[in-house]
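Enquirer: What follows is each chain in one-letter form.
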Amino acid sequence: MANIISDETIDYVGILAKLELSGEEREQAKSDMGRMLDYIDKLGELDTADVEPMSHVFPVQNVFRGDVVTNGDEREALLANAPEQKDGMFVVPKTFE
Amino acid sequence: MAREYETVIGLEVHVELATKTKIFCGCSTAFGAEPNTQICPVCTGMPGSLPVLNRQVLEYAIAVGLATDCEIARYAKFDRKNYFYPDNPQNYQISQLYLPICRNGGVEIQTADGGVKKVGIHEIHMEEDAGKLIHDEWGDCSLVDYNRSGVPLIEIVSEPDMRSAEEVIAYLEKLRLIIQYLGASDCKLQEGSMRADVNLSVREIGTREFGTRTEMKNLNSFKAISRAIEGETERQIDLLESGEKVIQETRRWDDAKGESYAMRSKEDAQDYRYFPDPDLVPIAVSDEMLEEIRAKQPEFRTEKRKRYREEFGIPDYDIEIITASKYMADLFEAAAAICGQPKKVSNWLMGETLRLMKEREVEAEDLRFSPENLAKLITLTDAGTINSSVAKEVFEAMFEENADPEKYVEEKGLKNVNDEGALRKTVEEVIAANPQSVADYRGGKEKAIGFLVGQTMKAMKGKADPAAVNRMLKELL
Numbered sequence: 001m002a003n004i005i006s007d008e009t010i011d012y013v014g015i016l017a018k019l020e021l022s023g024e025e026r027e028q029a030k031s032d033m034g035r036m037l038d039y040i041d042k043l044g045e046l047d048t049a050d051v052e053p054m055s056h057v058f059p060v061q062n063v064f065r066g067d068v069v070t071n072g073d074e075r076e077a078l079l080a081n082a083p084e085q086k087d088g089m090f091v092v093p094k095t096f097e
Numbered sequence: 001m002a003r004e005y006e007t008v009i010g011l012e013v014h015v016e017l018a019t020k021t022k023i024f025c026g027c028s029t030a031f032g033a034e035p036n037t038q039i040c041p042v043c044t045g046m047p048g049s050l051p052v053l054n055r056q057v058l059e060y061a062i063a064v065g066l067a068t069d070c071e072i073a074r075y076a077k078f079d080r081k082n083y084f085y086p087d088n089p090q091n092y093q094i095s096q097l098y099l100p101i102c103r104n105g106g107v108e109i110q111t112a113d114g115g116v117k118k119v120g121i122h123e124i125h126m127e128e129d130a131g132k133l134i135h136d137e138w139g140d141c142s143l144v145d146y147n148r149s150g151v152p153l154i155e156i157v158s159e160p161d162m163r164s165a166e167e168v169i170a171y172l173e174k175l176r177l178i179i180q181y182l183g184a185s186d187c188k189l190q191e192g193s194m195r196a197d198v199n200l201s202v203r204e205i206g207t208r209e210f211g212t213r214t215e216m217k218n219l220n221s222f223k224a225i226s227r228a229i230e231g232e233t234e235r236q237i238d239l240l241e242s243g244e245k246v247i248q249e250t251r252r253w254d255d256a257k258g259e260s261y262a263m264r265s266k267e268d269a270q271d272y273r274y275f276p277d278p279d280l281v282p283i284a285v286s287d288e289m290l291e292e293i294r295a296k297q298p299e300f301r302t303e304k305r306k307r308y309r310e311e312f313g314i315p316d317y318d319i320e321i322i323t324a325s326k327y328m329a330d331l332f333e334a335a336a337a338i339c340g341q342p343k344k345v346s347n348w349l350m351g352e353t354l355r356l357m358k359e360r361e362v363e364a365e366d367l368r369f370s371p372e373n374l375a376k377l378i379t380l381t382d383a384g385t386i387n388s389s390v391a392k393e394v395f396e397a398m399f400e401e402n403a404d405p406e407k408y409v410e411e412k413g414l415k416n417v418n419d420e421g422a423l424r425k426t427v428e429e430v431i432a433a434n435p436q437s438v439a440d441y442r443g444g445k446e447k448a449i450g451f452l453v454g455q456t457m458k459a460m461k462g463k464a465d466p467a468a469v470n471r472m473l474k475e476l477l
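In order, the protein sequence lines correspond to chains L and D.
Position 72 of the first sequence, counting from 1, maps to 72 under the working numbering, and the rest follow consecutively.
Position 400 of the second sequence, counting from 1, maps to 400 under the working numbering, and the rest follow consecutively.
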């Protein structure tokens, strides 16, 4: 494995991804990520100088909708997905101002 | 010798677009609805939902780009900006990083010394707004209303070209006017349909490198922006003068306290790991689309000024004030078209309207009276149905609650008494009761008639046409 993921890097990725990893999971993730980066390096060996960057996998452009209201009040149905609700709103952990 | 500093400012301006529906779904954007009654699987980030771009958002973004001298991208796409916060149900915001819709523009502003300066626009991109968090006073939790989630925004990123609070305000006013003229947004800072984040650094005059900048948020009026710029400039200079460093961070302005404080670093984890949004297909702007939007561009202020001068013959000063707000200009044109008296419409706007706006601290966009009612008021005054002091009273009622002048005059019994007999009788009584003034007038004191007109108006409780009173007095004297 050419790419070695440091403890700092995996901790930082964990913070960004909101993941809490056990010691074992952490070692596994470090090794998986290293292998992924090796694979990306492998792709880097190809000569892509004359290839246009691809910005989407489908050869489709310009899919639009008109500015017309098509949705009504679906509050009950959508709130039903929430673990907790109050006064017609989604309850979430306290956030600070 | 004390070192001299200059302030370097760039702005990120978010503008809520005036579309009927959200950027990626058919939910209404109407303001003030009950919480979560304008939401669907797309704008609440449900798995498997598919966003589709509202074409009107693209058109508004391009229109603003054209009006601010930008290059319009022929190929644009959306990216996901990752962050975790409960107001953002997808855990990413759909925005544009790699290929934004507009780039390399700018607007001209007037500087304090009367010169003209160009403020560059780095880019304009389209993105979605977040929901609204409400703090629950009673429980140990917060509540989320996603009605605003997915409301379309454009973010206008300036170059760091501004050097003072005055230049920042001039730039914002210019942007606001252009966008209002386009009808792309009402741009109300207080209501959050226009929001500005200020990036600011200081450096010693003559230095070429920029100093370390901070970003300030929560600025919801021009006054708050000015104060925040002055406060932050001072704070950074103090740091440098005492040998400390400015830390690059996001700060929140507390306008009541007049100071800013650093937001917690967690809120400010600036590692968004952008990547292309696979759910949204790229946008290819064709020549036809661009021409179509260009052809729909409205008459902007410069052209309007010219046309007003030629078409209405009102003073330049009036033209400046009226065209400074799209709302005011529309009101003026509509009322002038109905009553055919542009000068009189202009007089009402320049006189009583501005006076009451100043007195009650009302913005042009919040004026309540309709052009129809202003036209009616002018017609009533012209016809001699009411006199000018009554007209002012009626106008105040219009200003307050868009009262219909015809009904108001009828209900309050404010019509001039056009009954010849009644007027003659009152004038005769006034003449009899004021022999001294009568003698003065007859003795050649022309001005004495003014007093008699006043007495007659008073006796008739203001409901007479002063011109008719004057005529009657002269006739009887």
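Read the hints as simulated data drawn from the structure, not as lab findings.
Cβ coordinates follow ideal geometry from the N, Cα and C atoms, glycine included.
One or more hints might be untrue.
Just some of the chain L residues that point at chain D, by a computed CB distance under 10 Å [what the hints assert, rightly or not]: (1) 24; (2) 26; (3) 28; (4) 30; (5) 51; (6) 91.
To list a few chain L residues with every Cβ distance to chain D over 10 Å, as calculated [said to hold, decoys possible]: (7) 41; (8) 45; (9) 93.
Here chain D is said to cover these stretches of chain L; the calculated rule only asks that three of the stretch's residues, wherever they fall, bring their Cβ under 8 Å from a Cβ of chain D [unchecked claim]: (10) 1 to 7; (11) 31 to 40; (12) 76 to 90.
Enquirer: Hint by hint, say whether it matches the structure.
Expert: Do the hints match the structure? See the list:
1. 24: violated (25 Å)
2. 26: violated (19 Å)
3. 28: Violated: closest Cβ of chain D sits about 21 Å from residue 28 (chain L), beyond 10 Å.
4. 30: violated (19 Å)
5. 51: For residue 51 (chain L), the interface hint is violated, since the closest Cβ of chain D sits about 16 Å away, which is over 10 Å.
6. 91: holds (5 Å)
7. 41: Per Cβ check, residue 41 (chain L) is outside 10 Å of chain D; nearest 19 Å; holds.
8. 45: Holds, because the least Cβ-Cβ distance between residue 45 (chain L) and chain D comes to about 23 Å, which exceeds 10 Å.
9. 93: About 7 Å separates residue 93 (chain L) from the closest Cβ of chain D, which leaves it inside 10 Å; violated.
10. 1 to 7: violated (count 0)
11. 31 to 40: That given contact is violated, which follows from only 0 residues of the region 31 to 40 of chain L lying within Cβ reach (below 8 Å) of chain D.
12. 76 to 90: holds (count 9)
Of the numbered hints given earlier, the model fails hints 1, 2, 3, 4, 5, 9, 10, 11; all others are met.
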